[in-house]
Structures are given as C-alpha cells and as structure tokens.
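Chain order of the listed sequences is A and B.
Position one of the first sequence corresponds to residue 22 (my numbering), numbered consecutively onward.
Position one of the second sequence corresponds to residue 329 (my numbering), numbered consecutively onward.
Honestly, the hints are just simulated from the structure, not real lab data.
Small disclaimer: the values here were computed from a predicted structure and weren't measured.
Among these hints, one or two may not hold up.
[As the list claims (entries may be wrong)] Per the computed footprint, the stretches of chain B lying under chain A, defined by three or more beta-carbons under 8 angstroms from a beta-carbon of chain A, are:
{"hint": "1", "segment": "485-498"}
{"hint": "2", "segment": "726-737"}
[As the list claims (entries may be wrong)] Residues on chain B that point at chain A, a partial pick, calculated with CB under 7 angstroms:
{"hint": "3", "residue": "Arg781"}
{"hint": "4", "residue": "Gly782"}
{"hint": "5", "residue": "Asp807"}
Beta carbons: idealized from backbone N, C-alpha and C, even for Gly.
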Amino acid sequence: MVLLPTTVVGSYSVPEWLERLKTEYYQRRISAQHLTEINEVAIKAAVKDQELAGIDIVSDGELRRDNDVDYFLARIPGVHIPQRAKADYFDYYDAEVTRPLPELAGDKEGTDASTSLGLAADFRFTRQLTAKPVKFSFTGPFSLSRRIRDEAYAEPGELVRALARRLNAEARELAAAGADLLQIDEPFLAGYPEQVDLAVEAVNIVTEDVPVSWALHVCYGNRYARPSFEGHYDFLFPAVKAARVDQIVLEFARKGLDDLRLIKQYDWDRWLGLGVIDVKNPEVEAPELVASRIRRALEYVPADRLMINPDCGLRHLAPDVARRKLRAMVAGAAQVRAELGETTR
Amino acid sequence: MDVDLRPVRKLRESAAARAAVGPILEAVCASPADLASLRVVCDWIQYKQNFREPVVGRPVGDTDTEIAFDLRRCGDLDPEHLAARVKQALSGPGDQPGVALEPWVTGRDSCIWRFNQLYWQALSGWEQATGREYEQSLPGGESDARNAEAARELILELFRIWDELAARRALPEELYILELGVGNGSQARTWLDEFLQLDRRHGREYYHRLRYLMGDYSPHVLDRARQAVAHHSERVSALVVEATRPSVTLGFLAGKAFLVYISNVYDNLPTDELASIHGRTYQVETQAYLAEDDADRIARQLSCRRDELVTLIDRLLRIGPELLSEASPGNCADPGQAVAFWQATWEALRLRERYVPLEGLDSYQITPTLTGEILRPLIEGDGDVRMHVSNGALGSFTGTLPLLHPYGRVQCHDLFLTSSQQYRTGFYGPGKYDGSVVNWVNGPLLQLVASRRGFGVEYTPFRQRPGSNITTLTAQARD
Numbered sequence: 022m023v024l025l026p027t028t029v030v031g032s033y034s035v036p037e038w039l040e041r042l043k044t045e046y047y048q049r050r051i052s053a054q055h056l057t058e059i060n061e062v063a064i065k066a067a068v069k070d071q072e073l074a075g076i077d078i079v080s081d082g083e084l085r086r087d088n089d090v091d092y093f094l095a096r097i098p099g100v101h102i103p104q105r106a107k108a109d110y111f112d113y114y115d116a117e118v119t120r121p122l123p124e125l126a127g128d129k130e131g132t133d134a135s136t137s138l139g140l141a142a143d144f145r146f147t148r149q150l151t152a153k154p155v156k157f158s159f160t161g162p163f164s165l166s167r168r169i170r171d172e173a174y175a176e177p178g179e180l181v182r183a184l185a186r187r188l189n190a191e192a193r194e195l196a197a198a199g200a201d202l203l204q205i206d207e208p209f210l211a212g213y214p215e216q217v218d219l220a221v222e223a224v225n226i227v228t229e230d231v232p233v234s235w236a237l238h239v240c241y242g243n244r245y246a247r248p249s250f251e252g253h254y255d256f257l258f259p260a261v262k263a264a265r266v267d268q269i270v271l272e273f274a275r276k277g278l279d280d281l282r283l284i285k286q287y288d289w290d291r292w293l294g295l296g297v298i299d300v301k302n303p304e305v306e307a308p309e310l311v312a313s314r315i316r317r318a319l320e321y322v323p324a325d326r327l328m329i330n331p332d333c334g335l336r337h338l339a340p341d342v343a344r345r346k347l348r349a350m351v352a353g354a355a356q357v358r359a360e361l362g363e364t365t366r
Numbered sequence: 329m330d331v332d333l334r335p336v337r338k339l340r341e342s343a344a345a346r347a348a349v350g351p352i353l354e355a356v357c358a359s360p361a362d363l364a365s366l367r368v369v370c371d372w373i374q375y376k377q378n379f380r381e382p383v384v385g386r387p388v389g390d391t392d393t394e395i396a397f398d399l400r401r402c403g404d405l406d407p408e409h410l411a412a413r414v415k416q417a418l419s420g421p422g423d424q425p426g427v428a429l430e431p432w433v434t435g436r437d438s439c440i441w442r443f444n445q446l447y448w449q450a451l452s453g454w455e456q457a458t459g460r461e462y463e464q465s466l467p468g469g470e471s472d473a474r475n476a477e478a479a480r481e482l483i484l485e486l487f488r489i490w491d492e493l494a495a496r497r498a499l500p501e502e503l504y505i506l507e508l509g510v511g512n513g514s515q516a517r518t519w520l521d522e523f524l525q526l527d528r529r530h531g532r533e534y535y536h537r538l539r540y541l542m543g544d545y546s547p548h549v550l551d552r553a554r555q556a557v558a559h560h561s562e563r564v565s566a567l568v569v570e571a572t573r574p575s576v577t578l579g580f581l582a583g584k585a586f587l588v589y590i591s592n593v594y595d596n597l598p599t600d601e602l603a604s605i606h607g608r609t610y611q612v613e614t615q616a617y618l619a620e621d622d623a624d625r626i627a628r629q630l631s632c633r634r635d636e637l638v639t640l641i642d643r644l645l646r647i648g649p650e651l652l653s654e655a656s657p658g659n660c661a662d663p664g665q666a667v668a669f670w671q672a673t674w675e676a677l678r679l680r681e682r683y684v685p686l687e688g689l690d691s692y693q694i695t696p697t698l699t700g701e702i703l704r705p706l707i708e709g710d711g712d713v714r715m716h717v718s719n720g721a722l723g724s725f726t727g728t729l730p731l732l733h734p735y736g737r738v739q740c741h742d743l744f745l746t747s748s749q750q751y752r753t754g755f756y757g758p759g760k761y762d763g764s765v766v767n768w769v770n771g772p773l774l775q776l777v778a779s780r781r782g783f784g785v786e787y788t789p790f791r792q793r794p795g796s797n798i799t800t801l802t803a804q805a806r807d
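Here chain A stands alone, though its shape is the one from the complex (with noise of 0.2 angstroms):
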C-alpha cells in the first residue's frame, strides 16, 4: 500500500433527489425493491466517485443506510420499533427493547442467514464493484444503543454488551465474506465521555476472534452536519489504548489539530486516521491546506502509520462538494508523500 493512504470514513454525499425517494419509501409510495435498486445504482456511483477522485481504500458510502443508527436497529432481533413508517428518511425511530435480547445460538464461528443483518451482503456487493480495498464501516454498540429506550437490561451496560455480541457475529460474517478493514463508528460516545471504559469493552467483543484490520472511529457526531457534542478527545485517552483495534479514525479538520498531542502524549503506537477535511464546511479545502495539516500531524506519527481520510463522513455535503473534497484530499496527501521521497513501502 502506499505511504498515507487515503481512505473515506463511510458515508458518502446523499443528493437530494436521493432523499426524496428514500423518504418516498419510508412513506411506502414506492417498494423495498425498488429503493434496493436505488441504492444499488447511487453505490456503483460513489465508489466510482472515489476511485476517479484517487482515494485508495474505498467505501460503498453507506448508501443504503437511513441513518446511522436505524439501519442497524431494525435488523437486530429483540429490537421493538411501534412505528416503521417516517415523515422524513433521516429521522430517527423510537426504538426499545423490552426484553433481553436474543443471544445467537451454538459456537461463534458463524451465524444463521436468519439472524444476519445482512452486512456481508452489504459488502459482498461493494467488494465486486472495485478492485481497491474497501472499507466498511458499522455504527458501534455503545451509540446504537444510546438509541435505544432499555425496558430489559437491570444493568445498562449489559444492553451495549448484548448489541456487541450481535456486532460480533455480524463481523465475522463480514471477515467471511472477505473483508479485511472494518471500521467501528462510536458517534455518540463524545456525549458520555463518562462511559469510555464501557464503549472500549464493547469494542473489544465486537472485534473478538475477527481476523481483519480493525478501526475505530470517534467523532463529535456530524447529524445534520453540525456537531453533536463539543469538547476534546481528552476523555479517550487512556482508555482507548485498551481497544482491541488496530487504528482510531479521529477529527481534526473543523477541531484544529491540538489534540494531536494526545497520540504523543498517551503514547498510541497504532495507525492514526487523520481527518484533514471538514465535513461540515461546504468551503473546499485546497490540497496545501490538507498537506500542512498531514505534515503538522507527522510531527506526532510516523508515516507509515498516518492513514489520512475527511473529518466524518461525507453524506451532508452536495455531490459536487464532496468529489471536490476528495480530490484536495488526495492531492495533498500526494504532495506530502514526494516531499517524503516515497510512494510505497
């Protein structure tokens, strides 16, 4: 692979008119079928963007998804949603467990078609669109369950911990089905930064026995395109060091880059993912902007260790904006990578 790799953090820009029919679905005026077709061609679409736009580890940009929470939900077994039907795609359900969820039965070496969430396909259909690697990504248990009105569990940790082993066996369909990067999206845990220690540990059941590249992405959420929560990456610090995970995916383009001390600071001797672009900021970033700040974090992380890829994901920005985005991004990552004399390692 070559030295600072580029990568996205999952979801790619939804056009409007893709809205509008997503939400058309969601009022039933048009089939599951056809929204699948939908979905099918917008996926062939961005991984095109991608792949154009140079990025080297590409994603099917989450385009399937109504958001990042409720596709998982309305998948998982044990998970009550009263009311399927939504004025807008994008909205959230109300979502509840009443009773345990659950549990798979048998070993761990595999899962029944009747209780996958059906990720692998997900990625299977990704997989034989492109010849690059490809990354996929899954909101985690602690966030999922954030959403969730927990009527079941005496324990709350104990529903973060039910949710990551359903993860778990949905990513060893995944590891199945030829994925190597998995990604977990921990959206909400900024706003509980008292709960770490407990979304680390869900983590690590999620990736448990999982033989892929792992990756951990903690932002201050991107719904709407606006920050969820506001504050810094302090409150991961020790406590991620404990993930079982192979490299943390964090945001430093809307932020500034003064939490890059962190990685210096707690040591973090695994891959960073350095989000060099601003996801909520429609204004596209040049490529020297993006290059000085990959050079700034270099004086934290070494190279081959530097994964450079936006803030979030990209679903907020306008198509054009994103291709845009992207472009700079690659550009500046390219630029960095011939002032380091090397394209690959």
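Since chain A is already given, all that's left is putting chain B on it; use the hints.
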C-alpha cells in the same frame, strides 16, 4: 361554484358575519359571472388598517376567477352597494381602477415592504406626528420583552447546561447570547441585570465570560438599546444585522450561541403567498395601488397632478420624509408635511392580487438556499389552501440555527400559526400595524424546515401574557 367560508369561529360568534353571507351569495348569483369557474372566498379581516377593499376580484390563471369578501365590512354594505361592488370586482378581476404604484410582483417584492422599512428608519418622525411611540401600537400597548421571571428561568437553565459542560471540561471560554431585534434595549437590560444577580448567587462567575450580542438592522435602534445597557457595556456588543440574513454578519458565531432571543421580528419580514387551488399550485402576485379618489385627495394635498404622485411616493420611499421636504419643497414644505403625505399614502394603500401558476415547487426559491420543495407536504394533497411562505422569517430562522451551540436554543416570541389547518379558518395578514406590515408566520413550515436540519421546534402559548396572540417558538437540536 366553490364557496370558501373561512372565519368559522366568527360565523359562530357573530350575527353580523352570518348576516353578511346571504347577501353576498345573492349578489354573486345575480352577477353575469360564469359561476362554474368562480371561487367565492370570505374572510374576516381583523385588522382595521389593511390592504383590502371589502370586495375584490382575483384572476386564477387565465381562465378562472376568485371573488373575495371581507365579512367584517360587507355586513355594513346595503344590498345595492354590495351588488355594485361585486359587479365591479368581476368586470375586471385584478384590475380595480386606481393608480398603480408598481408592476405585478411577488408578495415579498411589493413596495409595502419599502414602506415598512421606511417606518423603522424614520420612526421618530412618524412617532412625532402620531404623538405615540411604536410600542403603544403593539397589541397590548407594549413590547413583550420585559419579563424578569422569564429571563430568570432561561438563565437558570443556561447555568445548568454550563455547569454540566464545565464538569466535562467542554465549556467554551466565551459564552455567547444573541438578541435579534433589540427594540429599545429593555429586554437586554432586564436579562443582563437578572443574569448578574443570579450569577453572583451561583458563584461560577459566568458573567465575566458572557458575550451578549445585540443585533438589529437599524444603527439608530442599536444606539438607543446600547444606552439602555450602558452599565453592562463590557459584556455587550452591538452589531448591525440584516434580519433575513443573520449569517452574513454573524458567521463567526457558528456553533457558539447558547441562546438566540428574538421577539416580534418575524411577523414584520417580507413574505410571499402560495396557493393550491383545484390541485394546482399558484403564486400570489400583488400590485400596490391607490384608489382614484384617494390618489386625487393626496395629490391635491401635495399640489401635484395624479400622474406625478407615483414619482413623489417613490422619492419618499427612497429618501425619507426629512429629505423629501428638501428635495420637493413645492409639494411638502417641511418634514411634518412630508410625514403627513407618507401617512396618508400608507393609510390609502391597497393591494390587488392574482394567482399565477407555478411550474413546479422546486423552481420556486423560498430563500437563496431553500427551494419550494419543502412546502410539498404542507400545500399538496389536502384540498385548496392559501398560505404564507414567510420567506423573510425562514431566511432569518435558517440563518440563525447554525449559530447555535449543540446545547443552544432559539427562543422566539411572535405571531405564529401552529397548524396548517388554520389557513383554512382564518385570515393571517397582511395587515397594518401603525406604519408597519404584519403577517402571521407559517409556524408549521418553520417546524418542517428545522426538522430537516435536525432541530425540534415547539410552540407554546406566550406565558407572560395569557390570552394574547403571541406564541413562543423554542428550537433546539434533537436526537
């Protein structure tokens, strides 16, 4: 023939309203109009000062006609007079005789908004002529923005949020509060006085981190407000802000404001109206005019011809009454006469209306960043309706939301509709408040737009004055 009797409550409560209906239908049916393509609309226009004749005709596209009645005034017309009005309205709908002050335009582009702007710019001259301050012309006779108890409640809630953020070391160094439309500064003064007292008791010294921003489009108003809060001057900044585009001036505040306070601003911002009639969407176009008699009377006062009047009015709107008396001394010898001319014109000002078909909601631009597509759930699929688009209010509101800190909120007191159904049962403007324009704000539309941006909007009755028409909007991030 469709007959749309909107003021259902009045029809229950008012014998006069009921009595007006029969003669109206008699007059319409006696007219030679093609009743099959005629819509009859009856409103109760609560504003004594308004832009409507009691009976008006409006073309609907190229083929149909709407005839609209103000029940409040039609009850006073004798049948003969009413029949004559109906005949006139139907003889050339949308073309009542008079002196047009502008071509046909959309509602938000009408010159009534230039009058509105002039009112706020030359307020002192108007107040001098009427002998009363503008607050006295508000319903209830004063601004709604002076309530210490309400301020205390908001401040204590802020303290709670700030304490929590401080505990997680997530509290910003500077704590921003924004007030848009500052009036005479009394709201700011009340709020800051209360804040200081409560902060002393709370003991966290938030006052020293406070940045209270007062935004208004009028430097004159800002100066007056600044004097009212002179004892908090180190904490207060005053900024000239275009209400419909707050982000132009306040972009630096993005994601930082813990509270945006707005009182009685939105109902005074330009708006279009759209209508759905028989499944087709129309834009309401308007044309400001003076009835011939009124135009002649005003022209006589100015010693000018009727055809010179339009030029003089345009000059008044461009340079204001003070300079008009210098520029046209032959017509207005002094500023007082110019103000009298302004007031007489304003009082006589009427609007003609017509419905122009709209080619797709997405081709209609509500604000530079928002298309009419958002209106679809409100305007389509539920029968005929005519509603305000509240373009100015939406521009202001959507420009304000990004300023909020994740834990921030907008609190806005104004005239809001809280259900689209209300458009089917009442009249919500435009009306005249003193020298300004008033339209109720399309609350469901603001709610919908906010929802698409991840904000929840709640409407609650205005607690400080029970029974008033004012409603409180609270918007904050949801999920």
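Evaluation of the provided hints:
no.	hint	verdict
1	485-498	holds (count 4)
2	726-737	holds (count 3)
3	Arg781	5 angstroms, holds
4	Gly782	3 angstroms, holds
5	Asp807	6 angstroms, holds
Violated hints for the displayed structure: none, as all numbered hints are satisfied.
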